[in-house]
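Q: The opening residue of the sequence shown carries number 787 in the working numbering; numbering runs sequentially from there.
Read the hints as simulated data drawn from the structure, not as lab findings. The model shown is predicted, which means the values in this text are computed figures rather than measured ones. Glycine included, C-beta positions come from ideal geometry on N, C-alpha and C. Possibly wrong hints are sitting among the right ones.
To be verified - Distance condition first, Cα-Cα at most 20 Å in a straight line; then the derived PhoX-like pairs of lysine-lysine:
#1 Lys850 <-> Lys799
#2 Lys850 <-> Lys862
#3 Lys845 <-> Lys862
#4 Lys795 <-> Lys862
Said to hold, decoys possible - Quick list of the computed label-pair ranges, beta carbon to beta carbon:
#5 Ser810 <-> Thr962: 55 to 63 Å
#6 Lys862 <-> Glu823: 32 to 40 Å
#7 Ile959 <-> Arg789: 40 to 48 Å
#8 Lys965 <-> Gln820: 49 to 57 Å
#9 Thr792 <-> Asn854: 49 to 57 Å
#10 Lys862 <-> Asn932: 19 to 27 Å
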Amino acid sequence: MNRKYTVAKTYGKALFSEAVQLNSLSEIYQEMLQLREVYHQVPDLGNILTDDRLSVYEKVSIIKDLENSFSDEVAKFIHTVYDYGRMDEMLEIIDEFEHLYYEQYGIVVVDVTTAVALNMDQRHDLESRLAKQFHANKVVIRPKLNPAIMGGMIIESEHRVIDQSVRSELAEIHSTLLK
């Protein structure tokens, strides 16, 4: 287990436990999504706040601005992560928090690869079918496009793969014919 993963699990779990104790899990989850968006808008933010390219004064100024955008609980959490020099690991921490949040509410994340994009009706239908199949309260689909599969779909979740792509079916037919 690498160090970054261990740190992310520790911090993510600590924030999750705090959010549950404060009965603010959904609110803090929404703030974590906003913080993730800040990191996506400024991709090098974590490194900037961790390495030595800025003075401590400059970093503290950025941290204060960041903290002012969030609730007291999340602001304290950001400050703690900064104090321990872990701002470059914030995205992994948020991912771990989200994983625990999804677990709490029976939400399963599913990667769905298709040759063409699913429309909203297809997506909602697939979400409800997969929720039943995975015994989940809700399914969150992360769509991926890959024209090479020709049609059908590949569904991946929790170390399970369901390959219903045309390409794999053709490969199977080909293999059967060669026997």
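Q: Next step is simple, just say for each hint if it's right about the structure.
A: Here's how the hints hold up against the structure:
{"no.": "1", "hint": "Lys850 <-> Lys799", "in the structure": "violated (24 Å)"}
{"no.": "2", "hint": "Lys850 <-> Lys862", "in the structure": "holds (11 Å)"}
{"no.": "3", "hint": "Lys845 <-> Lys862", "in the structure": "holds (16 Å)"}
{"no.": "4", "hint": "Lys795 <-> Lys862", "in the structure": "holds (18 Å)"}
{"no.": "5", "hint": "Ser810 <-> Thr962: 55 to 63 Å", "in the structure": "holds (56 Å)"}
{"no.": "6", "hint": "Lys862 <-> Glu823: 32 to 40 Å", "in the structure": "violated (20 Å)"}
{"no.": "7", "hint": "Ile959 <-> Arg789: 40 to 48 Å", "in the structure": "holds (47 Å)"}
{"no.": "8", "hint": "Lys965 <-> Gln820: 49 to 57 Å", "in the structure": "holds (56 Å)"}
{"no.": "9", "hint": "Thr792 <-> Asn854: 49 to 57 Å", "in the structure": "violated (30 Å)"}
{"no.": "10", "hint": "Lys862 <-> Asn932: 19 to 27 Å", "in the structure": "violated (43 Å)"}
In summary, the structure is inconsistent with hints 1, 6, 9, 10 from the numbered list given earlier, while agreeing with the others.
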